[in-house]
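For the protein sequence lines, the chains are A and B, in the order given. Residues in the first sequence are numbered from 1 upward in steps of one, following my numbering. Residues in the second sequence are numbered from 1 upward in steps of one, following my numbering.
Don't read these hints as lab results, they were simulated from the structure. Keep in mind it's a predicted model, so treat the numbers as computed, not measured. For every residue, glycine included, the Cβ atom is placed at its ideal position computed from N, Cα and C. Hints may be right or wrong, so weigh each one.
Every beta carbon over 10 Å from chain B, so not counted as near; a handful from chain A, in silico [as the list claims (entries may be wrong)]: (1) 19; (2) 49; (3) 54; (4) 74; (5) 191; (6) 244.
Cut-off 20 Å, straight-line C-alpha distance, at most; resulting in silico cross-link-like pairs (EDC-like, lysine to aspartate or glutamate) [said to hold, decoys possible]: (7) 69(A) with 372(B); (8) 339(A) with 409(B); (9) 339(A) with 108(B); (10) 339(A) with 405(B); (11) 365(B) with 301(B); (12) 330(B) with 304(B); (13) 76(A) with 304(B); (14) 72(A) with 372(B); (15) 54(B) with 73(B); (16) 292(A) with 409(B); (17) 450(B) with 405(B); (18) 62(B) with 133(B); (19) 406(B) with 441(B); (20) 227(B) with 185(B); (21) 40(B) with 114(B); (22) 65(A) with 414(B); (23) 439(B) with 409(B); (24) 400(B) with 372(B); (25) 21(A) with 414(B); (26) 199(B) with 140(B); (27) 257(B) with 304(B).
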Amino acid sequence: MNITFNTQSAPHIPNTNTVTKVMLMVWLALIPAMLAHVFFFGTGIIIQLTLSIIFALGFEALSLKLLNKPVKLFLKDFSAFVTALLFALCISPVAPWWISLIGMFFAIVVGKHLFGGLGQNIFNPAMLGFAIVLISFPQAMSAWLPPQEIAPYAMSFTDNLQAIFFNRFPSHIEFDTLTQATPLDTIKTAISQEYALSEITTQPLFGDFGGLGWEWIANFYFLGGLFLIYKRVITWRVPAAVILTTIVFSLPFNAYNADHFIGPIAHLFSGGLMLGAFFIATDPTTGCSSHKGQIIFGAGVAIMTVLIREFGNFPDGVAFGILIMNMSAPLIDRLTIPKAFGQNE
Amino acid sequence: MKEFQFNPNHLYSFQGGLQLKHHKNDSLDKPLTVADIPDKLYMSLRINRGNIAKPTVSLGDKVLKGQVIAIPDTPNGSIIHASSSGTITAISDKQTASPDTDIATVIEITTDKEDQWCKLNSFNNGQPLSSSDIVSAIKEAGLTGMGGAGFPTHLKYKGKEISTLIVNGAECEPYISCDQQLMKDYPQELINGIQLVLKASGAKLAIFALEDQVGGIKSSIEELINKNNIENIKVVKVPTIYPAGGEKQLIKVLTGKEVPSGGLPLHMGIIVQNVGTIKALNDYVVSGQPLVDRIITVAGDGIENPQNFMALIGTPISHLLQQAEFNREKTNRLIIGGPMMGYAMPNADIGIDKTSNCILALSEKMTKHSGDTLPCIRCGECVNVCPANLLPQQLHWYIKGKNLEKAREHHVFDCIECGACAWVCPSQIKLVDYYRYAKSELKYLDFKRKKSDESQIRHELREARLERLKAERMAKRKRTRRRTTNPDKIKLELQATMDRVKKSQKDKDQKDNQ
Chain A
1 MNITFNTQSA PHIPNTNTVT KVMLMVWLAL IPAMLAHVFF FGTGIIIQLT
51 LSIIFALGFE ALSLKLLNKP VKLFLKDFSA FVTALLFALC ISPVAPWWIS
101 LIGMFFAIVV GKHLFGGLGQ NIFNPAMLGF AIVLISFPQA MSAWLPPQEI
151 APYAMSFTDN LQAIFFNRFP SHIEFDTLTQ ATPLDTIKTA ISQEYALSEI
201 TTQPLFGDFG GLGWEWIANF YFLGGLFLIY KRVITWRVPA AVILTTIVFS
251 LPFNAYNADH FIGPIAHLFS GGLMLGAFFI ATDPTTGCSS HKGQIIFGAG
301 VAIMTVLIRE FGNFPDGVAF GILIMNMSAP LIDRLTIPKA FGQNE
Chain B
1 MKEFQFNPNH LYSFQGGLQL KHHKNDSLDK PLTVADIPDK LYMSLRINRG
51 NIAKPTVSLG DKVLKGQVIA IPDTPNGSII HASSSGTITA ISDKQTASPD
101 TDIATVIEIT TDKEDQWCKL NSFNNGQPLS SSDIVSAIKE AGLTGMGGAG
151 FPTHLKYKGK EISTLIVNGA ECEPYISCDQ QLMKDYPQEL INGIQLVLKA
201 SGAKLAIFAL EDQVGGIKSS IEELINKNNI ENIKVVKVPT IYPAGGEKQL
251 IKVLTGKEVP SGGLPLHMGI IVQNVGTIKA LNDYVVSGQP LVDRIITVAG
301 DGIENPQNFM ALIGTPISHL LQQAEFNREK TNRLIIGGPM MGYAMPNADI
351 GIDKTSNCIL ALSEKMTKHS GDTLPCIRCG ECVNVCPANL LPQQLHWYIK
401 GKNLEKAREH HVFDCIECGA CAWVCPSQIK LVDYYRYAKS ELKYLDFKRK
451 KSDESQIRHE LREARLERLK AERMAKRKRT RRRTTNPDKI KLELQATMDR
501 VKKSQKDKDQ KDNQ
C-alpha cells in the first residue's frame, strides 16, 4: 500500500496547551504574593527563591541523568521551578541556605523522582521537602522576621545574605527582637501559657484578621488563585472546599471558647492556608481526579489543618494536612468514580 | 420506555465539551458544485462494524447507475448500488474510507460517463404510502446513517414504539459543512423526508436540531414549515459546543435524558436521523433513485478552493481534491471526516463511501502539536471536557499499566472517542488511542474468555461423560467379578453348565438313537 500522507490518529487539529504553560501560569499567579512578601519581610525571599531554584534544577537534572531520562525535555516542563517557588514561599526569609538544599533534595529526589518523576509522585514535592525540614530543623524554621512595619531594624539585602549564608545577624540589634516567631507560633505558645486569644492578638504582630503582613500575602494568594481558576489551570472545587470547610469546621470551636480557639476568618488569613488552598492542595498529580473526590480532598485538608493548629504540636498544619490527604487521594478516587453518561438512567 | 417532556424553549446541557473554531464558512460561501464523474469508482462493500456485503456482479459485467451490485449477507446490512454506469473492472481487497480504515472488498467500476440510470422503482402510483412501504423503501434505497457511524437505517424501524424523531442537523465538528449546505439547498426535500420518517416510525413529533451558528437556515426552514401548515416539526437551535451533534449528547440537550449506557435511543422511544439520510429517503420515494451520491465538504488549508460537492459514492478522494484545487506540497495529512474524530488516509486513491462527510487536507502547521509528549500530570482538564462523564486521566493510567479490567470499571466502553480529552491535554498525550486500544483488547479478551469458558464447559461435560462411562464399566465389571469370586456361585454356575452340557449330550444321544 502506498502511504503518502501522515496517518496519525485524531484529533488532527493541534492543541496549544502544554505542561510548561500550565506551570508558567502558576508562577505568574504567585508573583503578586511574592512582591507582597518582599514588601513585608524584605528581600530574603529573593535569595531563598534563587537558592531553591538552583538546588531544584540541580537535583532534577541529576535525577533525570541517573535515571536515564531525557534531561532537557523534562527541565523544560518547568515543574521544578514551581516546586522551588512554593518551597521558598513557605520557609523563613532568613532560613540558612542548607534548608533549601535539604528541602529540595527531599522534594525533587525523594518526593518526585524516586516515585517515578513528573506526574507519578504521591506527595506534593514542595510540601514533602517543607515537612521534612520543619520536623528536622524546628529552630531554623521557626525564626521568622517580623513584618518591616514593626521591625526594630530593616534587614538589608546584604544583611539577608549574611544571615542566610553565614548565620551572621546584625550585631547591634538583639537577636531576639530581630527574629520573631510567626503569628500562629506566637498564638500556640501564648495559649499554652494560658493567655486568652483576645489578649494575644492585641500584640503589634497581628493585623485585622491574621498576622500583620501575612493577611495581605494571603489576599494575594487568593487573587492569584482566582486568576488560575479563570485561566482554567485549576478548578474552584478544591479551594472552595478548603475555605468553606475551614470556616464551618473552626466555627463551633471558636463559638465554644473564643479565647482558646482561633476564629474562622483568622484561620483563613493565617499561615499557609490560602497558599495551600489555591496552589498546593490543587496540585492535580497528588490530589483527587473525580470532582466529588476533589471536594472531599479539600475538606480533608481543611479539617486536618484546623485540628493540627488547635490540638497538634505544630503551629501550622497545612503542609501536614495536604500530605495526609495526598496519601488518602487514591482511596478517595476509588470510592468516587463518577457515573458515566447514561448510567443514571 | 423513558418518559420525557420536550420544550423547545428549555434546553439542557451535557457535561464537558469544547468550543472550537468552526471554519465552516470557507466552504459555505460557494454554491454546491456537482462533481464530475470520475474515470473510476471505488465502491467499498464495507457496511459497518466489519460487516461486508457480498457482490452480486462479476468482473466484466456492465452495470447501470442505481443497479444493485452487492447485498449484505446478514440482516444488519444495507444494499449497495452502482453510483454510475460502466463496467466492473476489479473486485478486490482495497483500502476503504471507512471510519476504521479497514481493508475491505471494493468493486471498481470503470465509468462510461453516460451516467445512465437503470429502471427505477416507482412509488408515484397515487396511493398514499403506508408505514411499512416506507420502511421497505429505506431498505431498498440502501440507506445508512450519513453522519458518521453508518448504522443501517432500516434497523432503526423495528416495530419499537417511537414517540419522537430527532433530525440531526447539528454538525459539530469544525470544517464539515455538508449538512449545512444540504439544509440550505434542499429544505423542501428535507421537510418531505421528515414527514416520511414520521410516518415510518409512528413518531408524533420531529425535533429538527441545528447549531446556533447556522444563521438564516432556521428561519427559512421554519417559513417552509409554516407555509405547508405542518405542526409536528419543531426547529430548535442548540448551542455550538463540540460534540453537541453526537447522538447521545444531542438527545441530552433536547430532552434532558441520557441514553442508558450500552443502550440505544430506540429504547427511549427516540429515533435520531441525520439530515442527509432523510433527504436520500425522500429522493428514493419521489424518483426511485437509491443512495448513489452525497454532499461532501472538501476543505482545510491544503485546499485552495474549499467547497461542498455533490459527489457519487465511490468517487476517489484524489478526483475531488483536484476539483477543489489541492495543494499537494502544503498538505501533510489527508483526513476523511472532521479534525476531531476523522481518520487520516494513507493516500488519495481511495473511494468515498456513504458515511464520508468531509475530506480535509491539513498542512503540517495546522496539525503540529505545541510540545513534546510528557507524562500525565493529572491536571484534570480532560475530566472537565469529557462529554461522557469519564475520568480520562485515570483510564489512561490504568491502560498504560495494562490494567484493562480497571479501565472497564472506569467505564471505558462509554467513551465516544470524541477526542476532546486529547485536544486539551497539556502533556499532549494521544488519549483516544489508549481507549481504542483498551476497548478492542477487552473485546478480544472477552471473546477469548467466552471461548475458553465454552471449551471449559465442553471439557467438563466430556470429563463427566467419561467418568460416567467409566463408572458404568466398573459397575459391570464388579458385577462380573462378584460372580467370578463367589465360590458358591462358581460352583453353582459350574454345576448349571455341567448340567446343561449333560442335558444337551443326552438330547443328542436321544436324537441319534431315534
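Verification of the supplied hints:
1. Against chain B, the non-interface label of residue 19(A) is violated: not every CB pair exceeds 10 Å, the least being about 5 Å.
2. Annotated as non-interface, residue 49(A) keeps its C-beta farther than 10 Å from every C-beta of chain B; the closest such distance is 22 Å.
3. A cut-off of 10 Å between C-beta atoms confirms that residue 54(A) is not in contact with chain B; the least separation is 23 Å.
4. Annotated as non-interface, residue 74(A) brings its C-beta within 10 Å of a C-beta of chain B; the closest such distance is 8 Å.
5. Separation of residue 191(A) from chain B is adequate, the least Cβ-Cβ distance of about 39 Å exceeding the 10 Å criterion.
6. With a least CB separation of 20 Å from chain B, residue 244(A) remains clear of the 10 Å interface cut-off, as annotated.
7. Distance restraint check for residue 69(A) and residue 372(B): the Cα-Cα separation of roughly 14 Å lies within the 20 Å cut-off, and the hinted pair is therefore satisfied.
8. About 11 Å separates the Cα atoms of residue 339(A) and residue 409(B), which keeps this hinted pair within 20 Å; it holds.
9. Taking the CA atoms of residue 339(A) and residue 108(B), the gap is about 47 Å. The hint is violated against a cut of 20 Å.
10. Taking the CA atoms of residue 339(A) and residue 405(B), the gap is about 17 Å. The hint holds against a cut of 20 Å.
11. Between residue 365(B) and residue 301(B) the alpha-carbon distance is near 9 Å, which keeps this suggested pair within the 20 Å criterion.
12. About 10 Å separates the Cα atoms of residue 330(B) and residue 304(B), which keeps this hinted pair within 20 Å; it holds.
13. For the suggested pair residue 76(A) and residue 304(B), the alpha carbons sit about 38 Å apart, so the restraint of at most 20 Å is broken.
14. Of the supplied pair hints, the one linking residue 72(A) and residue 372(B) holds, its CA atoms being roughly 11 Å apart against a limit of 20 Å.
15. A hinted pair counts as satisfied when its Cα atoms are at most 20 Å apart, and residue 54(B) with residue 73(B) qualifies at roughly 7 Å.
16. A C-alpha spacing of about 17 Å is found between residue 292(A) and residue 409(B), which places the hinted pair at or below 20 Å, so the restraint holds.
17. A distance of roughly 16 Å separates the Cα atoms of residue 450(B) and residue 405(B); the hinted pair therefore holds under the 20 Å criterion.
18. This hinted pair does not check out: residue 62(B) and residue 133(B) have alpha carbons roughly 30 Å apart, beyond 20 Å.
19. This hinted pair checks out: residue 406(B) and residue 441(B) have alpha carbons roughly 13 Å apart, not beyond 20 Å.
20. This hinted pair checks out: residue 227(B) and residue 185(B) have alpha carbons roughly 17 Å apart, not beyond 20 Å.
21. Between the alpha carbons of residue 40(B) and residue 114(B) the distance comes to roughly 13 Å, so the proposed pair stays at or under 20 Å and holds.
22. Taken as a hint, the residue 65(A) and residue 414(B) pair is broken in the structure, with Cα atoms around 41 Å apart against an allowance of 20 Å.
23. For the proposed pair residue 439(B) and residue 409(B), the alpha carbon gap of about 12 Å is at most 20 Å, so the pair holds.
24. Of the pairs offered as hints, the one joining residue 400(B) and residue 372(B) holds, with about 18 Å between alpha carbons and a cut-off of 20 Å not exceeded.
25. Distance restraint check for residue 21(A) and residue 414(B): the Cα-Cα separation of roughly 31 Å exceeds the 20 Å cut-off, and the hinted pair is therefore not satisfied.
26. At most 20 Å may separate the alpha-carbon atoms for a hinted pair to count; residue 199(B) and residue 140(B) meet this at roughly 17 Å.
27. Between residue 257(B) and residue 304(B) the alpha-carbon distance is near 43 Å, which puts this suggested pair outside the 20 Å criterion.
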